[in-house]
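Here the protein sequences line up with chains Z and D, keeping their order.
For the first sequence, our numbering assigns the number 1 to the initial residue and increments by one for each residue that follows.
For the second sequence, our numbering assigns the number 1 to the initial residue and increments by one for each residue that follows.
Calculated from the structure, these hints are not laboratory results.
Note that this is a predicted model, so its numbers are computed, not measured.
Keep in mind that the hints are not guaranteed to be accurate.
Copies of the same chain look alike in the list, so a pair counts if it works inside one copy or between any two.
[Claimed, not checked] Result set (DSSO-like, lysine-lysine): computed pairs, CA atoms no more than 30 Å apart in a straight line: (1) Lys330 - Lys88; (2) Lys316 - Lys185; (3) Lys168 - Lys139.
2 protein chains.
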Amino acid sequence: MTRINQRIVLASRPRGEISADNFRLEDAPVPPLAEGELLVKNLWLSLDPYMRGRMDDGKSYAQPQALDKVMEGGTAGEVVESRHPDFKPGDAVVGRLGWQTWAVSNGAGLSKVDAARVPLSAYLGCVGMPGVTAWYGLKQIIAPKAGETVVVSAASGAVGSVVGQLAKAMGCRVVGVAGGPEKCKAVVEEFGFDACIDHRGGDLRQALAQATPNGIDGYFENTGGEILDLVLARMNAFGRIAVCGLIAGYDGQPIPVNNIRAILVSRLKVQGFIISEHPQFWPPALAELGEMVASGRLRYRESVAHGLAAAPEALKGLLKGRNFGKQLVKLG
Amino acid sequence: MTRINQRIVLASRPRGEISADNFRLEDAPVPPLAEGELLVKNLWLSLDPYMRGRMDDGKSYAQPQALDKVMEGGTAGEVVESRHPDFKPGDAVVGRLGWQTWAVSNGAGLSKVDAARVPLSAYLGCVGMPGVTAWYGLKQIIAPKAGETVVVSAASGAVGSVVGQLAKAMGCRVVGVAGGPEKCKAVVEEFGFDACIDHRGGDLRQALAQATPNGIDGYFENTGGEILDLVLARMNAFGRIAVCGLIAGYDGQPIPVNNIRAILVSRLKVQGFIISEHPQFWPPALAELGEMVASGRLRYRESVAHGLAAAPEALKGLLKGRNFGKQLVKLG
Chain Z
1 MTRINQRIVL
11 ASRPRGEISA
21 DNFRLEDAPV
31 PPLAEGELLV
41 KNLWLSLDPY
51 MRGRMDDGKS
61 YAQPQALDKV
71 MEGGTAGEVV
81 ESRHPDFKPG
91 DAVVGRLGWQ
101 TWAVSNGAGL
111 SKVDAARVPL
121 SAYLGCVGMP
131 GVTAWYGLKQ
141 IIAPKAGETV
151 VVSAASGAVG
161 SVVGQLAKAM
171 GCRVVGVAGG
181 PEKCKAVVEE
191 FGFDACIDHR
201 GGDLRQALAQ
211 ATPNGIDGYF
221 ENTGGEILDL
231 VLARMNAFGR
241 IAVCGLIAGY
251 DGQPIPVNNI
261 RAILVSRLKV
271 QGFIISEHPQ
281 FWPPALAELG
291 EMVASGRLRY
301 RESVAHGLAA
311 APEALKGLLK
321 GRNFGKQLVK
331 LG
Chain D
1 MTRINQRIVL
11 ASRPRGEISA
21 DNFRLEDAPV
31 PPLAEGELLV
41 KNLWLSLDPY
51 MRGRMDDGKS
61 YAQPQALDKV
71 MEGGTAGEVV
81 ESRHPDFKPG
91 DAVVGRLGWQ
101 TWAVSNGAGL
111 SKVDAARVPL
121 SAYLGCVGMP
131 GVTAWYGLKQ
141 IIAPKAGETV
151 VVSAASGAVG
161 SVVGQLAKAM
171 GCRVVGVAGG
181 PEKCKAVVEE
191 FGFDACIDHR
201 GGDLRQALAQ
211 ATPNGIDGYF
221 ENTGGEILDL
231 VLARMNAFGR
241 IAVCGLIAGY
251 DGQPIPVNNI
261 RAILVSRLKV
271 QGFIISEHPQ
281 FWPPALAELG
291 EMVASGRLRY
301 RESVAHGLAA
311 APEALKGLLK
321 GRNFGKQLVK
331 LG
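Using the sequences and the hints, build the whole thing.
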């Protein structure tokens, strides 16, 4: 039996927003395994904001996605065949096997996970890269003390929702920023933030002032744009800003910031980071996050698109903020 | 004999640029000394960019300058009378005695200095606050390694010229940014920078690219504005930016920055600092800077205005970049 792999390749680079014709869906036979290889059926594909940056050819922190190659991305799946000593059929694995339904791997970058303790998809979310991103930016850069105020943009997202819950567990006042009343409601009621500001509604400056009566000590930056300027103006002395993602600028438009002077006036530290460059922090972060999910102390939401063909539109929705929580594509 | 003190007080807060009517020159008798006090004849007044910020009433890192009070400022002078056990007539002292020709002090914040080893005025410049500012921002925030490229804005100024000379002594490639061909020439020929870019002339982007063929690892920010955006675009991974002053924004206009995304893309650390908040670094910095000046390894320039009445216009010139090196007012 020849298995057919469905895959999506980058057909062209976007100009501004991504569109359907930047992607091409292809079928290809799955090759037989060589010694030392294993075959994985991908069950979940993770969609993440960084993917938009890699579709461009410009300077960024990673090599651009190659044209006509399978789109890169994190996956969770199940081993179906194995000629590799460390893996056997039935093993649950996470890795970066890309936008495709099947993948042959030599095991590099592939981790076995316990899908009984934590649902498999969570290893792409709060017990995976987004969770570790939240953990590192909050604990290593912002490093808040109990009683301090932490603001989190994209608060309902895969990263932001974890940042807020970790900060609450550290005794902080936590204020989220999210798009729309439904998301804001969930940020407070489900994720336990003290307040959430709807960046689509009303006077943002006033809403932020009311939600942060003692100013802001830490800011976890997931978006860029107007929020950043307003936050800069309310930062307390020696505040810390962790710059994780700037979704507002992923489509290539500049992100003007007017209040950069606050960095001097309030002696701020503003630091960008890419979580893949801090491998030493993954094991302790994943241990803590896994334990919190398993014990029900860390909650999460998922937005699930169905079938590989739905991935481009789902990525577009993610970049527009139409997702709610971790954006996944269910492949299996 | 009643001595008459000439002093300048803040008459009104500026709207935008400062003007002569923001200041008022007054005469007042010098009061007799009480026990524990001393009388200082101020010989030099230091003018510094931070003064503009304090003339406003807005949020900043220091209390605003009070209306109708003597303008605050650093001074160097000579003790004329003393009823204080630690000071005697003839002692050279530096302190913050303000925009006036005479001052009665209780000794708080006043330091005796050796005006034979280093000229008295230098204790207001490269062996004073501007020098320590340069030392701290370079060594504690940028912390460059030999071979790295450091860019310094306002490179001919009291802070920038010291930053560059210290970075050269650490084995860095050092590129200055200054206003006009005369300043740029001096930055290279007198202060030993590898190159200097005239921000008033030509294609800044191209000039910066040519002067920094290996990108930029550290940036000492003294100005704000267009330069910052261009530098952000050329920062290498894990670059460090020390934000010391933002002269371009002191007159109240916003400083738009478009390339904030570079903080994420290049994983930058951007940190603001106020040197008065790091007292533990003053003694080692002053020791090193004093030794470098005394041995001729640290060069400096001064722009001197004559007489207290010239101070407002000299401050205006400083904010416009019309000074060359440390801006002083000679009072004695």
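Evaluation of the provided hints:
no.	hint	result
1	Lys330 - Lys88	within (23 Å within a copy, 83 Å between copies)
2	Lys316 - Lys185	within (24 Å within a copy, 52 Å between copies)
3	Lys168 - Lys139	within (12 Å within a copy, 36 Å between copies)
In this structure, every one of the numbered hints holds.
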